[in-house]
Amino acid sequence: MFESLKIWLHQGKQYIPDVETTEVPGIFRGRPVIKAGVSVDEKALQELCPMNAIDVNPLSIDLGKCSFCGECAFAYPEKISFTKDFKMGHNIRERLIIKEGEDQPIRIDADAVRKEIRRLFGRSLKLRQVSAGGDGSCEMELNATGNVNFDVGRFGIDFVASPRHADGIVLTGPVSENMADSFLDAYDAVPDPKVLILAGTDAISGGLFAGSPAVRRSVLDDIKVDLYLPGNPVHPLTFVNGVLGLLGRMKS
Amino acid sequence: MKVTNNQVIRLADIEFLSYDNFFSNVNEALNHDEAHCVHYFAKPNPDRDGEFSLFCLIANDAHHDIDLLASVINKRDELQSLTAQHLCLHPFEREMHELYDICFVGHPWLKPLRYSHDRKAGGDIYDYPFYEIDSEELHRVGVGPIHAGIIEPGHFRFICEGEKILHLEIQLGWQHRGIENLFVEKKKLLQRATLSENIAGDTVVGHATAFAHIAESLAGWNTPEWLEIERAIALEQERIAVHTGDLSGICTDVAYQLGNAVFGRLRTPMINYMQKWCGSRFAKSLIRPFKTNFIFTEQLAEEWQNTIDKYKPDFVEMAEQMFDLPSVLSRIERTGIVTKENALNIGLVGMPAKSSGLLRDTRKSHPWGAYKDVDFQPIVKTSGDVYARARMRYEEVLASIELIQRLIAQRKETVMTDISDAPRTWSAQPESLAISLTEGWRGEICHVAITDKEGELALYKIKDPSMHNWLGLALAVRGNGISDFPICNKSFDLSYCGHDL
Ligand code: SF4
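Protein sequences appear in the order of chains A and B.
Letter by letter, the first sequence follows residues 1 to 252 in this note's numbering.
Letter by letter, the second sequence follows residues 1001 to 1501 in this note's numbering.
Think of the hints as simulated: they come from the structure by calculation, not from any bench.
The model shown is predicted, which means the values in this text are computed figures rather than measured ones.
A portion of the hints provided could be inaccurate.
As the list claims (entries may be wrong) - The calculated BS3-like cross-link candidates involving lysine-lysine, where the alpha carbons are at most 30 Å apart (straight line), are: (1) B:LYS1276 / A:LYS251; (2) B:LYS1075 / B:LYS1043; (3) A:LYS35 / B:LYS1276; (4) A:LYS99 / B:LYS1276; (5) B:LYS1164 / A:LYS99; (6) B:LYS1291 / A:LYS84; (7) B:LYS1276 / B:LYS1312; (8) B:LYS1188 / A:LYS99; (9) A:LYS84 / B:LYS1188; (10) A:LYS84 / B:LYS1310; (11) A:LYS43 / B:LYS1186; (12) B:LYS1276 / A:LYS13; (13) B:LYS1164 / B:LYS1111; (14) B:LYS1291 / B:LYS1364; (15) A:LYS6 / B:LYS1075; (16) B:LYS1111 / B:LYS1075; (17) A:LYS13 / B:LYS1310; (18) B:LYS1291 / A:LYS35; (19) B:LYS1188 / B:LYS1453; (20) B:LYS1188 / B:LYS1291; (21) A:LYS99 / B:LYS1186; (22) B:LYS1187 / B:LYS1312; (23) A:LYS43 / B:LYS1187; (24) B:LYS1291 / B:LYS1412; (25) A:LYS35 / B:LYS1188; (26) B:LYS1043 / A:LYS43; (27) A:LYS6 / A:LYS35; (28) B:LYS1340 / B:LYS1164; (29) B:LYS1312 / A:LYS13; (30) B:LYS1364 / B:LYS1340; (31) A:LYS43 / A:LYS84; (32) A:LYS43 / B:LYS1412; (33) B:LYS1043 / B:LYS1111; (34) B:LYS1276 / A:LYS84.
To be verified - Each pair of labels, with its calculated beta carbon distance range: (35) A:ASP222 / B:ILE1295: 45 to 55 Å; (36) B:GLU1185 / A:ALA110: 36 to 46 Å; (37) A:GLU47 / B:GLY1479: 50 to 60 Å; (38) B:LYS1164 / A:SER4: 27 to 37 Å; (39) B:GLU1298 / A:ARG164: 17 to 27 Å; (40) A:GLY211 / B:GLU1034: 39 to 49 Å.
Positions of the beta carbon are idealized from the N, C-alpha and C atoms, including for glycine.
Chain A with its partners taken away, still in its complex shape:
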């Protein structure tokens, strides 16, 4: 008993008091900035990206495809830099594309959020996670959102075991062909109205697996996606802030 109390005492305070303003330790490649007015060989830059995330005319990075490897910034430091801004979630897919010269915070478009989401889930959102070809890292980060550091439970956000108890699905992975039907089963089992959140590059765009005949992305064609959370894997802070943004709970 004494031993347990001692251990308990040794832990100190571990939770992050303000998940909106805290800073990620060390290096973090968050929202990128492409500097205008610096000319580089755009074709070479585009060619270098392993994820096909860079486009030209105008020069842009698609956060839904980017793996945040940082290679573009290493090769062209005067042109591309990554800020430590982890708030990268958006409810509109096109808004994940960062164009040359843009350097504003990414904020959820409140007008595009379905009214019932904020009304019904604003103070309590229960989520069921489905991994469909996820490599395990996004899944671990989603698990971490519930640990003593990030502690999303304090915001009324929880992961639950059954889709029947859930208000929505968080999907990870590029949607492997072998999981496509099971994902749909889980999605259908969630009572209406429901949300769908795509967590991580693979879920948003398929990542490097996009063209693989072993994935079936078409299952997403007819489903409304409510939130896109970039990252490879998605950082817990990107998750928390994205969901709080969707629910209209951000302070800033």
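Could you slot chain B with the ligand onto chain A? The hints should help.
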């Protein structure tokens, strides 16, 4: 022919045996306890319909070399199954059967392995031929593919007598993404490096190091010592981080909340250290063939020491308490036992093998890079139960801390060489085979590449230790209560996507 870890062999130098000779050679090689199969696969011969080359790689831990045995067969041949002699070969023959419809006569269960998209045999994933039992007293329990927690999918089918598990069959393949084919299709070096980091998201350093070695050895590039030391530091740090998280998971599954919370929060500084080093908590982007974007600086060395100085006393305190608590011990001792004999039969590798008294650790038996020079002794336990696999993690964490300390000292003494003229694109020797073994936290990882006339990849094969070890879990739970399945499962912590590829 005998090869060593990270060696490149010209295809022309490989002797292709008749299947009968191949069969007896593999059979004989595997009769020795110190030998085990690290990979066994088929490659279609493009010019001849129905013809395949078989490559079997058998590592000998006592001789520190790998026996490469090869054969050419036609899929219409009647091939005697080697699995019938050596159970450890079961997934490999099943893979060849599924992919190419090669039939192995006498295989005890030639069932689909992962329902690859390009399979020639195997039917529908929702129609897996489970073992059935006709009995009034017994019942079946099906779990998955989607599980209760936040975890990858897989299907478990139990046959139980009351609460007791008589049999477990594990059906995998749900995570299949066709990643081996993508290695061949994606031509950019950086794409392949990124793919290697996504084979199993909990073993980023392990798999990315194996790929880097394949690319470098095929290019004939001598990886400098300092770079190998840095990769070894990362590999050991990955081990510390995952083991700490797994101890948290094991505590969760025995309902020990304090252990769950404390190990969980202790994992955070371990993965955040990776973040400080390379900007990713899982070390994605850290390991690159022919280069590094994140040199291990003096400052990082100091930072590591500071982080560990804070971590270690709390970690030891928590672990000592956990392994002293009767309520924890009663759940993990004598639960989920794999005997040494079974471990040998099914070809268990890595942490679970070492927990069953079988010393299999390629850092020692087939060392590469920095592991050739650094002094360390793998930990071995004998009880083969959940306790052993949990205790193994505790002790391996401490061992890895010491190992990193030695590696850092070595790194300081090693001169950094200029590698700016190293290749920047895939540049491999043509018509060759390369093999790379790496010891990830879970166990032995094996990558094999075969190049074509132009030096482009003709085949890329990946083996995560999970490929061997899933059967270990199925055997471990026999005779246990079904309520102990979660702790048994966590004590192995196997990869779904690493298996399904
Ligand atoms: S950081 Fe993103 S955009 Fe830049 S090279 Fe990597 S994947 Fe491409």
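Checked hints:
no. : hint                             : result
1   : B:LYS1276 / A:LYS251             : 28 Å, holds
2   : B:LYS1075 / B:LYS1043            : 12 Å, holds
3   : A:LYS35 / B:LYS1276              : 25 Å, holds
4   : A:LYS99 / B:LYS1276              : 28 Å, holds
5   : B:LYS1164 / A:LYS99              : 60 Å, violated
6   : B:LYS1291 / A:LYS84              : 25 Å, holds
7   : B:LYS1276 / B:LYS1312            : 19 Å, holds
8   : B:LYS1188 / A:LYS99              : 25 Å, holds
9   : A:LYS84 / B:LYS1188              : 28 Å, holds
10  : A:LYS84 / B:LYS1310              : 26 Å, holds
11  : A:LYS43 / B:LYS1186              : 19 Å, holds
12  : B:LYS1276 / A:LYS13              : 21 Å, holds
13  : B:LYS1164 / B:LYS1111            : 25 Å, holds
14  : B:LYS1291 / B:LYS1364            : 25 Å, holds
15  : A:LYS6 / B:LYS1075               : 66 Å, violated
16  : B:LYS1111 / B:LYS1075            : 17 Å, holds
17  : A:LYS13 / B:LYS1310              : 15 Å, holds
18  : B:LYS1291 / A:LYS35              : 27 Å, holds
19  : B:LYS1188 / B:LYS1453            : 18 Å, holds
20  : B:LYS1188 / B:LYS1291            : 15 Å, holds
21  : A:LYS99 / B:LYS1186              : 26 Å, holds
22  : B:LYS1187 / B:LYS1312            : 43 Å, violated
23  : A:LYS43 / B:LYS1187              : 17 Å, holds
24  : B:LYS1291 / B:LYS1412            : 19 Å, holds
25  : A:LYS35 / B:LYS1188              : 26 Å, holds
26  : B:LYS1043 / A:LYS43              : 37 Å, violated
27  : A:LYS6 / A:LYS35                 : 52 Å, violated
28  : B:LYS1340 / B:LYS1164            : 23 Å, holds
29  : B:LYS1312 / A:LYS13              : 18 Å, holds
30  : B:LYS1364 / B:LYS1340            : 20 Å, holds
31  : A:LYS43 / A:LYS84                : 27 Å, holds
32  : A:LYS43 / B:LYS1412              : 40 Å, violated
33  : B:LYS1043 / B:LYS1111            : 20 Å, holds
34  : B:LYS1276 / A:LYS84              : 12 Å, holds
35  : A:ASP222 / B:ILE1295: 45 to 55 Å : 48 Å, holds
36  : B:GLU1185 / A:ALA110: 36 to 46 Å : 42 Å, holds
37  : A:GLU47 / B:GLY1479: 50 to 60 Å  : 58 Å, holds
38  : B:LYS1164 / A:SER4: 27 to 37 Å   : 33 Å, holds
39  : B:GLU1298 / A:ARG164: 17 to 27 Å : 55 Å, violated
40  : A:GLY211 / B:GLU1034: 39 to 49 Å : 44 Å, holds
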